[in-house]
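S.K.: This is what each chain is made of:
Protein chains: 2
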Amino acid sequence: MIFVALIHYPVLNRQGETITSAVTNMDLHDISRAARTYGAEAFYVVTPLAEQQELVRELVGHWTSGVGGTLNPDRKRAMELIRVCPDIQETVTEISLEFQCRPVIYATTARVLPDQLSWEKLRKKIEAPGSMDVLLLFGTASGLHSQVLDQADGVLEPIRGTGDYNHLSVRSAVSIGLDRLKRYFDPSI
Amino acid sequence: MIFVALIHYPVLNRQGETITSAVTNMDLHDISRAARTYGAEAFYVVTPLAEQQELVRELVGHWTSGVGGTLNPDRKRAMELIRVCPDIQETVTEISLEFQCRPVIYATTARVLPDQLSWEKLRKKIEAPGSMDVLLLFGTASGLHSQVLDQADGVLEPIRGTGDYNHLSVRSAVSIGLDRLKRYFDPSI
Numbered sequence: 005m006i007f008v009a010l011i012h013y014p015v016l017n018r019q020g021e022t023i024t025s026a027v028t029n030m031d032l033h034d035i036s037r038a039a040r041t042y043g044a045e046a047f048y049v050v051t052p053l054a055e056q057q058e059l060v061r062e063l064v065g066h067w068t069s070g071v072g073g074t075l076n077p078d079r080k081r082a083m084e085l086i087r088v089c090p091d092i093q094e095t096v097t098e099i100s101l102e103f104q105c106r107p108v109i110y111a112t113t114a115r116v117l118p119d120q121l122s123w124e125k126l127r128k129k130i131e132a133p134g135s136m137d138v139l140l141l142f143g144t145a146s147g148l149h150s151q152v153l154d155q156a157d158g159v160l161e162p163i164r165g166t167g168d169y170n171h172l173s174v175r176s177a178v179s180i181g182l183d184r185l186k187r188y189f190d191p192s193i
Numbered sequence: 005m006i007f008v009a010l011i012h013y014p015v016l017n018r019q020g021e022t023i024t025s026a027v028t029n030m031d032l033h034d035i036s037r038a039a040r041t042y043g044a045e046a047f048y049v050v051t052p053l054a055e056q057q058e059l060v061r062e063l064v065g066h067w068t069s070g071v072g073g074t075l076n077p078d079r080k081r082a083m084e085l086i087r088v089c090p091d092i093q094e095t096v097t098e099i100s101l102e103f104q105c106r107p108v109i110y111a112t113t114a115r116v117l118p119d120q121l122s123w124e125k126l127r128k129k130i131e132a133p134g135s136m137d138v139l140l141l142f143g144t145a146s147g148l149h150s151q152v153l154d155q156a157d158g159v160l161e162p163i164r165g166t167g168d169y170n171h172l173s174v175r176s177a178v179s180i181g182l183d184r185l186k187r188y189f190d191p192s193i
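Chains as they are written, first to last, in this note's numbering: chain B, 5 to 193; chain E, 5 to 193.
Source of the hints: derived by calculation from the structure; they are not laboratory data. Please note: incorrect hints may appear among the correct ones.
Each pair may be met inside one copy or between any two copies, as identical chains are not told apart.
As the list claims (entries may be wrong) - Straight-line C-alpha distance at most 30 Å; calculated DSBU-like pairs for lysine-lysine:
no.: 1; residue 1: LYS80; residue 2: LYS186
no.: 2; residue 1: LYS186; residue 2: LYS125
no.: 3; residue 1: LYS129; residue 2: LYS186
no.: 4; residue 1: LYS80; residue 2: LYS125
no.: 5; residue 1: LYS186; residue 2: LYS128
Bound conformation, chain B alone (with noise of 0.2 Å):
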């Protein structure tokens, strides 16, 4: 199984502070409608503001049990997976709970740092026969606190391109990130 995490405390802004982000209503609807596409379980918008964590129960809310989800029957499936956590261990908890199992933790950056996993060694891994559950933690602003990179089990290459620019926006690093893991191939390819 595999379980997708987006975490708005601790991150850090351009200057390299520590802050907690405000939620972003596309990251909601983009994330879970990819969660959604590659067969993640659910999708944790991860904040400790109660404000925040209310804004997002609210509007999931719409798209599941309000008007959305009868005007809009995929939106309704893609949101379904959202969960609200105030933090990563709470996560955890909740997907142990939940599920029944207790993932390994993947975090991401787009920093290169010492021995980070590359996403087709974790495929092989996830593709692996008794394979393993995966948490993948995102960071919104400009990226995960190191201390999360250092609780996590792992942490996974950055995304790279053709060249030097890595700032792709957290909505398009889990669109590819969960498309490296989980695609389909064609075996006749």
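Guided by the hints, dock chain E onto chain B, whose structure is given.
M.R.: Using the frame of chain B, we list chain E on its own:
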């Protein structure tokens, strides 16, 4: 060379009717960042509406020559890729004038159709010696009108995840598509 175009007309709404969609601010940010990451030469925002064209030019101006460019040079590098065009024909003309080439045009769709090209095969075509230049067309709203698919040189396969759900945002679809075509492969893996 690779070029990306985001089409706002003719596209479909969820009822299958032909519409002109409104330009979405987040599309410009996310897709220009992905285009820069994967080495696209330019990102064409295609809309016939003069007011919408002006809106895009103003926004791009803010981030490239205005205050935004000074405060956030990374965003400037992305936004500099944006061009505004009224239609696909004019896009091809502008590419030929600015980049001295005539790209092969591939349209994208979430629908399964006959004779679609896989992303893997297009990657191989792009990587081949003396490789061709490619213009990728992505539709906003509920996707490109069939007349765009018919007029393109080819249509790419839908982006498949792990099941039947195929409702990615266009921001996610562009990001994943570019990663499939242009991402760095470590030959040692």
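S.K.: What are the numbers of the hints the structure violates, in ascending order?
M.R.: The structure breaks only hint 4.
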